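Visitor: The lines below spell out each chain.
There are 2 protein chains.
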Amino acid sequence: MSVHLRPEEIEARSFAMIEAEVGAHPWSAVEWPVVRRVIHTSADFEYARSMVFSSTAIAAGVAALARGRGIVTDTTMALAGIAKPRLARFGIQGSCFVADPEVAQKASSLGITRSILAMRKGAADPGNGIFVIGNAPTALFELIRLIREEHMRPDLIVGLPVGFVGAAESKAALVELEREFPDLPFITNRGRKGGSNVAAAVVNALLILAEENS
Amino acid sequence: MSVHLRPEEIEARSFAMIEAEVGAHPWSAVEWPVVRRVIHTSADFEYARSMVFSSTAIAAGVAALARGRGIVTDTTMALAGIAKPRLARFGIQGSCFVADPEVAQKASSLGITRSILAMRKGAADPGNGIFVIGNAPTALFELIRLIREEHMRPDLIVGLPVGFVGAAESKAALVELEREFPDLPFITNRGRKGGSNVAAAVVNALLILAEENS
Numbered sequence: 008m009s010v011h012l013r014p015e016e017i018e019a020r021s022f023a024m025i026e027a028e029v030g031a032h033p034w035s036a037v038e039w040p041v042v043r044r045v046i047h048t049s050a051d052f053e054y055a056r057s058m059v060f061s062s063t064a065i066a067a068g069v070a071a072l073a074r075g076r077g078i079v080t081d082t083t084m085a086l087a088g089i090a091k092p093r094l095a096r097f098g099i100q101g102s103c104f105v106a107d108p109e110v111a112q113k114a115s116s117l118g119i120t121r122s123i124l125a126m127r128k129g130a131a132d133p134g135n136g137i138f139v140i141g142n143a144p145t146a147l148f149e150l151i152r153l154i155r156e157e158h159m160r161p162d163l164i165v166g167l168p169v170g171f172v173g174a175a176e177s178k179a180a181l182v183e184l185e186r187e188f189p190d191l192p193f194i195t196n197r198g199r200k201g202g203s204n205v206a207a208a209v210v211n212a213l214l215i216l217a218e219e220n221s
Numbered sequence: 008m009s010v011h012l013r014p015e016e017i018e019a020r021s022f023a024m025i026e027a028e029v030g031a032h033p034w035s036a037v038e039w040p041v042v043r044r045v046i047h048t049s050a051d052f053e054y055a056r057s058m059v060f061s062s063t064a065i066a067a068g069v070a071a072l073a074r075g076r077g078i079v080t081d082t083t084m085a086l087a088g089i090a091k092p093r094l095a096r097f098g099i100q101g102s103c104f105v106a107d108p109e110v111a112q113k114a115s116s117l118g119i120t121r122s123i124l125a126m127r128k129g130a131a132d133p134g135n136g137i138f139v140i141g142n143a144p145t146a147l148f149e150l151i152r153l154i155r156e157e158h159m160r161p162d163l164i165v166g167l168p169v170g171f172v173g174a175a176e177s178k179a180a181l182v183e184l185e186r187e188f189p190d191l192p193f194i195t196n197r198g199r200k201g202g203s204n205v206a207a208a209v210v211n212a213l214l215i216l217a218e219e220n221s
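If you read the protein sequences in the order shown, they are chains R and S.
For the first sequence, the working numbering gives the first residue as 8, with consecutive numbering after it.
For the second sequence, the working numbering gives the first residue as 8, with consecutive numbering after it.
What the hints contain is simulated information worked out from the structure, not anything from laboratory work.
Please note: incorrect hints may appear among the correct ones.
Because identical chains share one entry, a pair is satisfied inside a single copy or across any pair of copies.
The calculated SDA-like cross-link candidates involving lysine to any residue, where the alpha carbons are at most 25 Å apart (straight line), are [what the hints assert, rightly or not]:
#1 Lys-113 / Phe-22
#2 Lys-91 / Lys-128
#3 Lys-128 / His-47
#4 Lys-91 / Leu-117
#5 Lys-113 / Val-182
#6 Lys-113 / Glu-187
The model shown is predicted, which means the values in this text are computed figures rather than measured ones.
Okay, chain R solo, but in the shape it has when bound:
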């Protein structure tokens, strides 16, 4: 009975079930733990086909976490889903500015989303390098604009907004960006699915890789 299993045992058993159901897959030895954790979090095997990693994503993301670079999320949910003991181990500061009073006030006066201004505020602090989007396509479009127009060079983008208006388009635009910026580190997926839980799962998987490397 599952009630009597320890959390590590439940996770190991879950991973074995995922491996068995997925079977042969195209993911590398460092991409697979990320994809597997996303499936573990969502119970959705669509991610076994829809995830996208830029060529530099895992190495750059793991290195940035190991260096203690700050994480900025677009939702408090994504921030809540990232394992705090793992952040503490690397001295990583996690931030979400979407409920920040200054952000709310500026968004209202400029007539743009709080998600856009939350990214802008996060990007303005040079201690931040990892940008995690689990909800708002506008946040991901803003990161793309900051890279193109303001020479922002993030250590990693985890771009997994969800939804029916703009989510798939924002992720397709991120994937396209690799042609212009071949070294841009990003992890995303194709289609409408995504979410704060899935975005947090990607970060947690990278934190575990960083721990295994250290």
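Following the hints, complete the assembly by docking chain S onto the known chain R.
Guide: Then chain S, alone, in the frame of chain R:
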């Protein structure tokens, strides 16, 4: 371009797309806003078929929220996903005890999950009535035990744990419980899928129904 739509416009457009894609469905006028918000949050149309509402769920849940009954979640993520201004409007206290030091210490000494003890702690406070599970099957199994063995009578259970070990089984056990307790208010789904984001979406949909009623 979605960047220039206001959040209300994005939501309205998303809901229209969901309605068009779902087509005819079996949900009542008060169940459908809940199912629709779950699909909106997950971009997963499987929920249009897999959600389960007990006969008393919506009326009891909305009434409990309107009375300001406390909410207990099994994850900080689910708590983070519930709209704080809506909770404040009804004077609702939201709590998650999974990281509570007393819970962690007892879990370790008793050799059971923190999720079980977090539910037990939440249930011990008579101000709490709404129990929201987005992750841990053990938390949902514990609620079922409290109802059967300790005469707990929750105002509402939102039981949407996710995963490969125990999640589907815990939800099936909850559905079975309606035979013994025909008035038990619960909202759940069939299968492995679920999650803190989906559980929070259910609560948010009910809070909106409570606002519309008030």
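Visitor: Hint by hint, note whether the structure agrees.
Guide: Hint-by-hint comparison with the structure:
{"no.": "1", "hint": "Lys-113 / Phe-22", "verdict": "neither (44 Å within a copy, 28 Å between copies)"}
{"no.": "2", "hint": "Lys-91 / Lys-128", "verdict": "both (22 Å within a copy, 22 Å between copies)"}
{"no.": "3", "hint": "Lys-128 / His-47", "verdict": "neither (32 Å within a copy, 27 Å between copies)"}
{"no.": "4", "hint": "Lys-91 / Leu-117", "verdict": "between (34 Å within a copy, 24 Å between copies)"}
{"no.": "5", "hint": "Lys-113 / Val-182", "verdict": "neither (30 Å within a copy, 47 Å between copies)"}
{"no.": "6", "hint": "Lys-113 / Glu-187", "verdict": "neither (31 Å within a copy, 54 Å between copies)"}
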